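Each protein sequence line maps, in turn, to chains A and B. End of the first sequence sits at 578 in our numbering; the numbers just go up one at a time, nothing left out. End of the second sequence sits at 300 in our numbering; the numbers just go up one at a time, nothing left out.
Hints are computed from structural coordinates only; laboratory data are not their basis. Bear in mind the structure is a predicted one, so any value in this text is a computation, not a measurement. Where is the CB? At the ideal position from N, CA and C, for every residue including glycine. Check the hints yourself; a few may be wrong.
Stated by the list, open to error - The list that follows gives simulated cross-link-like pairs (lysine-lysine, DSSO-like), each with its CA atoms no further than 27 angstroms apart:
1) A:Lys512 x B:Lys200
2) A:Lys244 x B:Lys59
3) B:Lys257 x B:Lys247
4) B:Lys228 x A:Lys512
5) A:Lys512 x B:Lys165
6) B:Lys228 x A:Lys562
7) B:Lys145 x B:Lys70
8) B:Lys207 x B:Lys145
9) A:Lys3 x B:Lys10
10) B:Lys247 x B:Lys97
11) B:Lys70 x B:Lys273
12) A:Lys158 x A:Lys224
13) B:Lys200 x B:Lys165
14) A:Lys244 x B:Lys145
15) B:Lys207 x A:Lys512
16) B:Lys145 x A:Lys36
17) B:Lys228 x B:Lys200
18) B:Lys273 x B:Lys78
19) B:Lys200 x B:Lys97
20) B:Lys59 x A:Lys36
21) A:Lys36 x B:Lys207
22) B:Lys165 x A:Lys36
23) B:Lys145 x B:Lys165
What the hints assert, rightly or not - Now the in silico label distances, taken between C-beta atoms and shown as ranges:
24) B:Val64 x A:Phe191: 26 to 34 angstroms
25) A:Val235 x B:Asp42: 57 to 65 angstroms
26) B:Lys200 x A:Tyr241: 49 to 57 angstroms
27) B:Arg284 x A:Leu404: 26 to 34 angstroms
28) A:Val235 x B:Met68: 43 to 51 angstroms
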Amino acid sequence: MAKLLRILGAVLLVPGLMALCSALQVGPASWFTDEKSFWGMPICLFVFWIGLAHAGTLLSAVFLALGVRLDRRTALLAELSTLCSLSLAVVFPLVHLGVIENFYMVAPFVDSRGIFANAGSPLVWDFCCIAVYGLLSFLFFHNHLSSRNVPAQEIIRKPFAWLLLPLVLWVHSVVSLDFAATFVPEWQGAFFPVYFVVGAVYSGLALVNCLLCAEGYRVRLLEKLMIFSSWFIGVIWGWDYLTKGVFFTWAFVFAGLLPQLLWVGAVRDSRVGRLLVGLSVLLGLFLERLYLVSPSMSELPSLGLVDLGLVSFSAGFFLLFYFGLRRFVGCFVDEGGTFFGDVDGSEMEEDLSATEPAEGDEKYVNPFSSREFRTIRLPLLLGILAMLLFTVWCLNVPDTDLTLVNMLPLTYPVLALVAGISLWVSSGVLREISRRVLLVVVMFCVLFGVLAGIFFVGYPSEESGRQIRSLSLTERENNSEKEKNTERDIGLSSSALLWNARCSSCHGSDGKLNEKFVREYYPVPNTLTLSRLDSLGEDSLYQVISRGRTNMNSYEGRLTEKEIRGLVRYMRFLAGEE
Amino acid sequence: MGMDRRDFLKTCSLLAVGGLLFGCRKNALSEISDGLAGRIPDERLFEEEVRLALSMSRKELDLVAVPMPKALETKGEKSPNRFGMVIDMAACNGCGKCILACNRENNVPLVTEEDAARGRFMHWIEIRGGAPFMCAHCGSAPCEKVCPTGAASHTPDGLSTMMYKRCTGSRFCGANCPMQARKFNFNDAKSLGLSRQFNKEVPLRSKGVMEKCSLCLHRLQDDRLRFKTESAVAPGASAEWRGRGVKTACMEACPRKAIVFGNWLDGESPLVKAVSGRTLYAPRSLAPFDPSVLFLMEGR
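Chain A extracted, bound-state conformation (with noise of 0.2 angstroms):
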């Protein structure tokens, strides 16, 4: 069943990459967009694929959390949905940029020149948010799988299920803000972080049950939420359409209608039909997005190929990435099949009664003395430090959006960042890891830590100096000094050093603007070409340097009346003048 599905997979992905490539290629202009919002298919994939991608940990960890017995297989099928649809989800914003190589400029770094992301824009929140819940939930999945061969690190499971279930409820209200936080009058809402959760809920507990149906056994728990949650989006898309009038009809009859024939035991008995209605939900989930990132649409959009294209990439990546990790997994970590639940029909019994809660035979225990608080507390408490460390660094950025409201989506992601990672170490789990690996991971964070380093501060457009060498500079002044007298002037070597501590991280050591400069910043500097800088004169051009232009801070003070006339000698000889 699993090959059948990676072959599937694989059969979709072909031409998945092929419209991806094209997406890629052609930009924005190849896939529909709404007149309205600019957005479209990769929007609409990544809502609908970060809200599969909440289902697993979700559902794990709240059951976890909450006490709610559900079996291990089950509970790390959906943890590996989880890391896939993650994986696959963020495919999409970057796809949907106009200018892909720019995505970095949305990560909160000081850049240069001291522009900052604007720290108001719910993207911003989004990006960090999404990047904290990715890191913790494949520390959650890592940690249930070295759990199964070091018990010891079962502790800490229940404690990070504590830490995950606000997070994931977090992460999809910021990701609904990216709707509710504009102006657009189909987006707006106070209840739309609820909308999204429970959307998100409701796709995850689709997809697992799916995967349930290729696995071949059943949760019943499982299926008796999803008709739940169908009530509860209905009652959500009602309330939607009495305030705003707008319905979604193939929505609601995917996701609203189709899913009560659960209700029927002779489709809730069977294998196909347990399939068809969680591929129904999808199907119905799916067009929801679809009309709410474009609002000004009224019937089906015109979907162009490489829309369908990349409905069918994130099919086929999921299924292929999804099952061969499964198997790789399943290979690595366990010695038989049943790890990851390959049973067939004569085990489901038991599955059953694994999944029944269990007998009331523990005694009550304090919570705050339970062994699992004690294992959370000292995290937990580096975690809210790391937080108010965070608030208070915020508030003191200088030029920056970084109000309390700006920042106030990002704190409980640095805490549960911060406590999950230290909850993570705690574990013992490092002892596991061989020297040689931790050395390697060190060895990748340090050189990601330079690499990253020399990308942002950027490179000058020449060497410094070569100007000087290679043009002979000291000879020229020499010649020149023996013909005039330069008592007044300082020399054309010293201008150029000048030049290049001074102006060169602008307008470039040759004076033909520093590409760094270029890349990030508009208007750009003039270039210096001798018609400019004969039509401003000499004067003018001391103005500028003395009193600063538009972008151009003002250098008075800084250098003295001969240096700054060393500088526009300079500037002529950098613009060819012989």
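We have chain A; now place chain B onto it with these hints.
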């Protein structure tokens, strides 16, 4: 299913490589662009496109009365300038000369035929309700609030500006503008031979960035530089730059003087003189955002 893992992986990677190669092939579009690279479109084409846009213009423009724009605060400081425009609906007859002038001034590119058929022009000005409509340079601009990179930002002089080099093309600003005043560069106009640099002072925009009316920012900057240089040469004439005498391209082109550009905070500005005693209007959906480009209606 007699396929072992080795074969499976082999097939998968072959398929993936095949897909990638197919996607990277030289497609019809790039062949056209290769042929067109460096070709500069005729001026006549720009006129024709404006005529086409006029024939497809939207009829509705829902206006409400708004108060006169006030000084903006940036980082706690009140700026002495706030530039804006007013468009007299009574004087305007919707001839579209402003659109052409704007296109020539700001090097607005042509669009492909498919885009033109869908009404997806790059024009910074479009005719709505019989009068020119462009970005209103809102005081609390919704587009700037959601821009993730800070490419859309406000100058102290009240202009909503674009840093093209900082734009990553997320189109969030376009989604958040209630009037869709922002235009997205879907195509690489230069390589398609659709753009022409009429004006050397304004850069050509690359594919994938947002653009919109800049209120002829370059003209204001030139005037400011001229003022600075003059006041440095002869200090004491006038302490502060108020942008007097600057005209936008659309204002210059208007045969009926329906567009007036100026400084809302300067009593001597032609803008303030033109609106004295008259009610100002703004599109209903923009009115809450403190727009700087407003409308006048007949007899009021």
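Comparing the hints with the structure gives:
Note on Lys512 of chain A and Lys200 of chain B: the hinted pairing holds, with a Cα-Cα distance of about 17 angstroms set against a maximum of 27 angstroms. Our distance criterion of 27 angstroms between C-alpha atoms is met by Lys244 of chain A and Lys59 of chain B, whose separation comes to about 25 angstroms. For a cut-off of 27 angstroms, the pair hint linking Lys257 of chain B to Lys247 of chain B stands: about 12 angstroms separates their Cα positions. Taking the CA atoms of Lys228 of chain B and Lys512 of chain A, the gap is about 25 angstroms. The hint holds against a cut of 27 angstroms.
A distance of roughly 17 angstroms separates the Cα atoms of Lys512 of chain A and Lys165 of chain B; the hinted pair therefore holds under the 27 angstroms criterion. Simply put, Lys228 of chain B and Lys562 of chain A have alpha-carbon atoms about 22 angstroms apart, close enough for the 27 angstroms limit, and the pair holds. Using a Cα cut-off of 27 angstroms, the hinted pair Lys145 of chain B and Lys70 of chain B holds, with the two alpha carbons roughly 20 angstroms apart. Proposed proximity of Lys207 of chain B and Lys145 of chain B is supported: the alpha carbons are some 23 angstroms apart, at most 27 angstroms.
For a cut-off of 27 angstroms, the pair hint linking Lys3 of chain A to Lys10 of chain B stands: about 14 angstroms separates their Cα positions. Distance restraint check for Lys247 of chain B and Lys97 of chain B: the Cα-Cα separation of roughly 15 angstroms lies within the 27 angstroms cut-off, and the hinted pair is therefore satisfied. Distance restraint check for Lys70 of chain B and Lys273 of chain B: the Cα-Cα separation of roughly 16 angstroms lies within the 27 angstroms cut-off, and the hinted pair is therefore satisfied. Under the criterion of a C-alpha separation no larger than 27 angstroms, the hint pairing Lys158 of chain A with Lys224 of chain A is consistent with the structure, at around 24 angstroms.
A C-alpha spacing of about 18 angstroms is found between Lys200 of chain B and Lys165 of chain B, which places the hinted pair at or below 27 angstroms, so the restraint holds. With a CA separation close to 24 angstroms, the supplied pair Lys244 of chain A and Lys145 of chain B stays within the 27 angstroms bound. Proposed proximity of Lys207 of chain B and Lys512 of chain A is supported: the alpha carbons are some 24 angstroms apart, at most 27 angstroms. A threshold of 27 angstroms between alpha carbons decides the hint, and for Lys145 of chain B with Lys36 of chain A the separation of about 18 angstroms falls inside it, so the pair holds.
For the hint pairing Lys228 of chain B with Lys200 of chain B, the CA-to-CA distance comes to about 22 angstroms; that is within 27 angstroms, so the pair holds. Simply put, Lys273 of chain B and Lys78 of chain B have alpha-carbon atoms about 22 angstroms apart, close enough for the 27 angstroms limit, and the pair holds. Taken as a hint, the Lys200 of chain B and Lys97 of chain B pair is honoured in the structure, with Cα atoms around 21 angstroms apart against an allowance of 27 angstroms. Between Lys59 of chain B and Lys36 of chain A the CA atoms are separated by roughly 17 angstroms; this keeps the pair inside 27 angstroms, and the hint holds.
At most 27 angstroms may separate the alpha-carbon atoms for a hinted pair to count; Lys36 of chain A and Lys207 of chain B meet this at roughly 19 angstroms. Restraint check: the Cα-Cα separation between Lys165 of chain B and Lys36 of chain A comes to about 24 angstroms, which is no more than 27 angstroms; the hinted pair holds. For the hint pairing Lys145 of chain B with Lys165 of chain B, the CA-to-CA distance comes to about 18 angstroms; that is within 27 angstroms, so the pair holds. Roughly 29 angstroms separates the CB atoms of Val64 of chain B and Phe191 of chain A, a value that falls within the hinted 26 to 34 angstroms.
With their beta carbons about 59 angstroms apart, Val235 of chain A and Asp42 of chain B fall inside the hinted range of 57 to 65 angstroms. Restraint check, Lys200 of chain B to Tyr241 of chain A: a C-beta distance of roughly 54 angstroms satisfies the suggested window 49 to 57 angstroms. Distance hint check: the CB atoms of Arg284 of chain B and Leu404 of chain A are about 32 angstroms apart, consistent with the given range 26 to 34 angstroms. Separation of Val235 of chain A from Met68 of chain B is about 46 angstroms and conforms to the stated range, judged on CB atoms against 43 to 51 angstroms.
Consistency with the previously given hints is maintained throughout, with no hint failing.
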